[in-house]
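J.: Keeping their order, the protein sequence lines are chains A and B.
To convert, note that position 213 of the first sequence is 213 in the numbering used here; the numbers rise steadily by one, no gaps.
With positions in the second sequence counted from 1, the corresponding number in the numbering used here is that position plus 320.
Please note that the accuracy of each hint is not assured.
[As the list claims (entries may be wrong)] Okay, the calculated bits of chain B under chain A, using three or more residues with CB under 8 Å as the criterion: (1) 538-552; (2) 556-564; (3) 582-591.
Since the hints were made in silico from the structure, they are not lab data.
Since we're looking at a predicted model, the values are computed, not measured.
We put the CB at the ideal spot given by N, CA and C, even for glycine.
2 protein chains.
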Amino acid sequence: MRQAGRALPEYREARRHGSILDSIRDPALAAEITLQPVRRYGVDAAILFSDIVVPVEALGFGVDIRPGVGPVVERPFASESDLARLRPLEPEADIPYVLETIRILRHELTAVPLIGFAGAPFTVASYLVEGGPSRDHARTKALMWGRPDLWATLLERLADVAVATLRAQVEAGAQAVQLFDSWVGALSPADYRRHVLPASARVLEGVADLGVPRIHFGVGTGELLELMAEAGADVVGVDWRVPLDRARARLGDGVAVQGNLDPVSVLAGWEVVRVRADEIVEQGGGRGHIFNLGHGVLPDSDPGVLTALVDHVHSGGAVA
Amino acid sequence: MRQAGRALPEYREARRHGSILDSIRDPALAAEITLQPVRRYGVDAAILFSDIVVPVEALGFGVDIRPGVGPVVERPFASESDLARLRPLEPEADIPYVLETIRILRHELTAVPLIGFAGAPFTVASYLVEGGPSRDHARTKALMWGRPDLWATLLERLADVAVATLRAQVEAGAQAVQLFDSWVGALSPADYRRHVLPASARVLEGVADLGVPRIHFGVGTGELLELMAEAGADVVGVDWRVPLDRARARLGDGVAVQGNLDPVSVLAGWEVVRVRADEIVEQGGGRGHIFNLGHGVLPDSDPGVLTALVDHVHSGGAVA
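Kindly generate the complete structure, drawing on both the sequences and the hints.
T.: Dropping the structure here:
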């Protein structure tokens, strides 16, 4: 469960001082925050506490993460000259704290695997181009359509950054990787195929030899699922809008599905969650299905409901 | 093209004084604003200048439309007692200015038909329950799942309001109606079928005897298209995420499709728009297709590009 810590009082206590980037840069603290939901909920995997903009921030692109807003970029990407601000990532020099966090976690995590992650080229590019979160991704699309060569070069650079961070995470001890393309659901399949798939495939191909499962996730991606699998995923994340049996029909048997409880349902209480969890287990079909929320945990979620959910899914044997 | 006026200097001039609700309440001004995009772009239909919250505002629910924000509700809908704030709409008494605007337009509009509209029960409810625009519709879903009976009653009331406003609009001269369920794409098909379809079907059935085309539109509704047709639509609006040939395969031949140029593409200039418009005409298949944007016109759009688009589609004969 991504961002599962946000609902926990021990997370709020741990994050009392400093910014989210400060917390990510403190390996002991980042490891502790990663472990909190594992301890509290008994989930079957830990997901690294970090953020998709950490590598580009470490390259000096000028990114901040503002509470209640998200990533904000002081000087957005606008032209060829901004490519110079995206040199190749050297993980041991640029993000040593991320790797140190993973090394700590490999000692601490004995029962469950650790999932590392990176932002997919499209979603990271959307932050760099828009300068922050966006409703319609107008600047991003204008660059993609109006300057397709520059766009392709930008995405290739970001793909190489993602490959470097994921390889380093696996070498440090991560046992699976997730590629987050959170906002790519804003595109049509034709745009995805032409302007995004080559770069995402470059990332997933770039870690294929490591032999770890590759999870590929976005929101509002019902029309893109097949293409996200084609990019090279072993597991495709599905949001709550697409029933899992429908997703599997589109994806075929070659990939597993992950999802897809609506995170908002957790706010409606245990009885609502229980009924919906059972439906999802049934639609998941009992094979090649990782039960998860269809998006990140909402901060107002009741930890008791999430604990009950994990217990319930475990008792039903829904986790692949 | 919905909200086509927003990109026009003559619209900004006309709207220089007063709020959007003031403009809607001024029939001469509202009629003028409705006519502006018809004059400027030569489109094949006019869409009434109004807003989906106008009827509930007229009932005294306490709704304002804030520039740059959208509809805001002072005291959101929270419990049974709030149902008393939603009495039946009496269009001639409650929204006489809307009907007067339509009567003016019936004199002025000689070459093209006028499309009236209403907000669908889910989307209007989401504003009333959230108190304003929402990212995750958490309160709306919590009410829908946690209090399904109260939710059903709320949606039934809003369906009756929509029927009353649409019937009055047609009687005053509107020659087609559009039901806007802008935010219903936040739901899964199972939730739509159980918690929304009955109320939307009540609206569309409630105007069936009037013999005017009924258009049903939402955003991010790829998984819901069949159900939106099942609710009783003659035309289903499709956003840019779903290729029209794929939409038609899901919908069958019984309904027409409307759409689906990404409104953001207009910002990328004429060459980008031209290529994409041709693809859409081809995917639309030349029959039962109303060419349109996949969502409202963005305020920064270049009127020259929109004029070229309309001319181009007309010359290709893409309008059904």
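J.: Against each hint, give a clear statement of whether it holds in the structure.
T.: Cross-check of the supplied hints:
Three residues within the 8 Å Cβ limit are the bar, and the stretch 538-552 of chain B against chain A gives 3, so the coverage statement holds. Coverage of a stretch by a chain is defined here by at least three residues with a beta carbon nearer than 8 Å to that chain's beta carbons; for the stretch 556-564 of chain B and chain A the count is 4, and the condition holds. Coverage of a stretch by a chain is defined here by at least three residues with a beta carbon nearer than 8 Å to that chain's beta carbons; for the stretch 582-591 of chain B and chain A the count is 7, and the condition holds.
The structure meets every hint from the earlier list without exception.
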